[in-house]
Amino acid sequence: MILDLERFQAQARPRWNKLESLLAALEGRPDHRLNPGEAEQLQELYSQTAADLNRVTHGALAPELRQYLERLVARAYAELYYAPPTRSELWQPRRWLRIFTAFPEAFRRESRYFVLAVLITLLGCTFGGLAVRYDPASVNVLLPADYLRNPGQRVHQEESGKKRAIDSVQNEAQFSGQLITHNVQIALLAAALGVTFGIGTALLLFENGVLLGAVAVRYTEKGFGLFVTAWLLPHGAFEIPSILIAGQAGFYLARLLLRRREDRDMRQSMREWLLLIAGLAMMLVWAGLMEAFFSQHQAPVLPYEFKVAVGAAELILLTFYLSLIGRKKAAKPRGRIALETANE
Amino acid sequence: MSSSQATRLPTTAELTIATPEGVLFRLPLAGPAPRLYALLLDTTIVLAAINGVGYLIYWIFAKAPGFGTMTTTLAEFAIGFAYGALLEGFWNGQTIGKRLFQLRVIDQSGLPLRIEQAWVRNLMRVVDALPFAYLVGGIALLSSPQMQRFGDRVAGTLVVRETPVAPPAEEVWSKQKYNSFMDYPALAMRLRRSATPELAGLIQDALRRRNELAPYARREIYRELAAYLQSEIARFPDELVEMLSDEQYLINAAGVLFGHQRLSARA
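Quick mapping for you: the protein sequence lines, in order, are chains A and B. Under this note's numbering, the first residue of the first sequence is numbered 1169, with each subsequent residue one higher. Under this note's numbering, the first residue of the second sequence is numbered 153, with each subsequent residue one higher.
Just so you know, these hints were derived from the structure itself, not from any lab. Keep in mind it's a predicted model, so treat the numbers as computed, not measured. For each residue, glycine too, the CB sits at the ideal point set by N, CA and C. Watch out, some of these pointers could steer you wrong.
To be verified - The following label-pair restraints were derived from C-beta to C-beta distances: (1) R1201/A <-> R342/B: 51 to 57 Å; (2) A379/B <-> E1208/A: 36 to 42 Å; (3) L1470/A <-> A216/B: 50 to 56 Å; (4) A216/B <-> E1473/A: 28 to 34 Å; (5) Q1216/A <-> R362/B: 30 to 36 Å; (6) W1259/A <-> R362/B: 39 to 45 Å; (7) A200/B <-> F1268/A: 30 to 36 Å; (8) Q1179/A <-> Y330/B: 21 to 27 Å.
Said to hold, decoys possible - Below, computed lysine to any residue pairings styled on SDA-like, alpha-carbon distance capped at 20 Å: (9) K329/B <-> Q1177/A; (10) K215/B <-> P1319/A; (11) K1186/A <-> K215/B; (12) K329/B <-> Y1250/A; (13) K1186/A <-> E1206/A; (14) K1186/A <-> L1213/A; (15) K329/B <-> F1176/A.
Just chain B, with the same shape it has in the complex (with noise of 0.2 Å):
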């Protein structure tokens, strides 16, 4: 089921959820270097943050140094931990570290965390930060099929990614009008059955980044591709594939996975 998304994002670990209504859905899980990434970059506006504080309550105080120092001291400590906790609580599981790194905190169910989970989950970094350089929490994640951390078990909670996903462009093979793979349609047929999801994929790969690839590398794989489809799956009629360039080879190929029911009804 998952073979398709696996020849793209082989070591990606992801989340199935069972709505209600018994609709599947996955959820791609962050993995620990982005986040930690989000959390060096969180780190840093803390700090900023708290040395900003520092020089405000500096010159509130300027009368008072210890008292001065009595309430940095206290504010660093609460802003700590109430950055993390009150930002993914009001801004739907992310920090501004998370959101530049396109990660989100959700409860586990799929919905959106509450204020308790992000208080509980950040108030738990006191384990997961522990010996040195979050390395308990590390541990803990990467030892987790959800990747969760200490913090994340205890409030239920999970941190996925975000990328953006923009609906899927129109593709080369869809423009094409006439495609003489159609006039064998029992040949079609083998090619539609016989070719794996991995297969269609990495054609359907290959011909988007057409522009991506350089001249001769893209003439290599286009000539490879066509030559172990031609032997391995359909073996097209050799006047047909000798007036068809490899490129068109592929694309008459995706047209016949990817498109055109009307294949069926006429064979």
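The following block holds chain A by itself, in its conformation from the complex (with noise of 0.2 Å):
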């Protein structure tokens, strides 16, 4: 025991309590924004605070003080410590709406992840399709849902138009948000299984090649290319791209784990991997709606070329925007002026 216990605190408690009233007073405000007076005033008692934690820290007679002091020690270097986003920062639609410039930037700037996991995807489809080529009993193992194993009898349903659970406008409404809700979910599971080092993503990635490569494959050999075309296309066009894009922010979190830990920046990682999910969920959205409310229509209605040019477009589209969307053109030769002036 080096300091008397008793007399110690009754010396303290005073600049104590005046930090416990200063914190209360800070955690209370909505900002909590210091002005200078109280900032300094927050500085100096909590270094005296921290001073009088050491002191007891030693002493390992009083565990409830030293929890006590623990605690508003932690309090206040909280408040000394952080800058919380102001109210105005974070209610500027101008900064939500620049995700939509910000997520094409990341996508470009993770492009590697991108073709990691088209290069996956692919090795799937390639698979999938050589399966069902060389081996034409593997599409009972490879293609869960029955409908996918007889192709002429599903174009024929189609086409008649019977056997369609989804017969109005508002049948179309809730299956485009169930299809939407779960299309995102499997994309977040892509992107979250990241920390499973990659390997989750890339199982998940190879399954859905399988699958795409196998459909398109057995439509293929029985004549019916157009029409999958034209039943995919316009919601693939968004949907397996966003899905690429979930396995290219599952492998960048993996990569991002690899690292070591002093070479991580954590914020700015976090925020290109939520930038790319924000991304996708909203393609994800368009896909739902194109599939519930067109791609369920073929020929008679909609004739199959229409569709495959609908899709075809979707694609350029999209292609263009992820490309090119943020790209500074004017900046760079703005900036070098800049540059050059102030050299001068």
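Quick one: dock chain against chain with the hints and give me the complex.
In structure tokens form, the structure reads like this:
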């Protein structure tokens, strides 16, 4: 025992009380803003209380006092070292609209993970396609739903409009809601499975690729290539890229976690990951609407060529969006000029 | 260093934070049980909210039930993630459930969490909730030294317990003016030197909880403690000890252990 606890507490209690009331006042304010006088006072009381804590820490005989001071120091530390975003920053619509340009920017910055996702999916496609091509019996294993196993029957049903559960705009709307949430859920899972060092993400992408390849080959073999393109492309043009972007986010996360702790810029990388997810969620909303309201209408109502054209147009638009938006064409030369003038 | 803590909360994990000024402080980490309770409460609230929103939407979209269902499905999904993310982000790391169970999410450096972190840790629930009932998250939490589920690891966050801590009140032994043990400075010194923090904490707790103990139990505990101190730590003269009740003996011992600097001056 180094110090006389009672006398020590009696002497120090006024400053603890002062710190406590200052903290209570600050924590009650929405933006936690300090005015200069308060900042100075907080700094002073914080260092005094921290010194008090250091004194109690060594004599292990006052656990309550130590706990109390630790809590006080922790609160003061948080107030001193943290600048919360102010309300005006958060409610600027322009900030939120920036997501539409920030998403393609993030996509391009991390494009190598996108390439990886594409490669794994293509691998799956090849596997699925080859399996169906050379071992037709594998269809029963690869394609879970029976309607995919018998293309002719399915096409006939679709074209005659029979067996269509979705027969009104109301039902289409309901269907689209389910599609969107289901797809976002799967995409989120792919992105979050990055914590398995990307293994889970890779498996999910591969499985997706196998299905895609198997369906494509199966329908093309039976001569329904145009039908299946028209059926899948209008929503697939957004759905498949967004799953690939989810894979991209997953691999990005995996790479981040494999990096040494000191080399991580967590704040920046979390923002990047969230941007990719926000972007793919928006894409999936569109894909879900297309799938329910457009893709399900077949030949007599909508000619296949038209559907394919719409899908292709979407694909081109998306490519333009992801590769061009947010790219500052004029900024570069202007920046150089500014630098040059600054140098002069 | 944490031995005094260990006597009272033996199974608690804690995080030690070193500030730039070289101050160390510890934060008690929340275990799986309170977090699960908070989660259940939050889930209930979310379900209630979804139900409420569902009725509202049903009423608004009375003419177009399909669109109503679509909106409800999407709203349910969005609320499921946004509830945790927005509340934690804007309410300094607390949801309603966490506030009631006195938990708070913080950055692992001891600072309040940022909004991005709140979103990341809540979106990561899709993995932590696998395959059912947060099994993956629970195992991750129990196998992590800082009790982090995957979402916490990725977002760099921790969940801490925030039981309100009041400043310690005045103790019994500080009220008495005269402590007969002080007449024997050598023995008092020995008591002070050889009493471990655990033993000191035990004496302190025994005295503090005087009124919570049943009279019989109190008598027994005080008798055992006093006998132990007298026989193993510092043997005060019999003529003094005979005059003291066991309780007074412990109060004097606590006075020696926790108070009065003057002892060393007189010795």
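Tested hints:
A C-beta distance of roughly 56 Å is found between R1201/A and R342/B, which places it inside the suggested range of 51 to 57 Å. Roughly 55 Å separates the CB atoms of A379/B and E1208/A, a value that falls outside the hinted 36 to 42 Å. For L1470/A paired with A216/B, a C-beta distance near 23 Å fails the hint of 50 to 56 Å. Taking 28 to 34 Å as the suggested C-beta distance range, the pair A216/B and E1473/A conforms, at roughly 32 Å.
As the Cβ distance of Q1216/A to R362/B is approximately 34 Å, the hint placing it in 30 to 36 Å holds. Our hint of 39 to 45 Å for W1259/A and R362/B is violated, since their Cβ atoms are close to 56 Å apart. Checked against the given bound of 30 to 36 Å, the beta carbons of A200/B and F1268/A, roughly 34 Å apart, stay inside it. Taken as a hint, the range 21 to 27 Å holds for the pair Q1179/A and Y330/B, whose Cβ atoms sit roughly 23 Å apart.
At roughly 18 Å between alpha-carbon atoms, K329/B and Q1177/A fall within 20 Å of each other, so this suggested pair holds. For the given pair, K215/B sits about 37 Å from P1319/A by alpha-carbon distance, which is inconsistent with the 20 Å threshold. With a CA separation close to 61 Å, the supplied pair K1186/A and K215/B exceeds the 20 Å bound. Restraint check for K329/B and Y1250/A: not satisfied, since their Cα atoms lie roughly 47 Å apart, outside the 20 Å limit.
For the suggested pair K1186/A and E1206/A, the alpha carbons sit about 12 Å apart, so the restraint of at most 20 Å is met. The hinted pair formed by K1186/A and L1213/A meets the criterion: a straight-line CA distance of about 8 Å does not exceed 20 Å. Of the supplied pair hints, the one linking K329/B and F1176/A holds, its CA atoms being roughly 18 Å apart against a limit of 20 Å.
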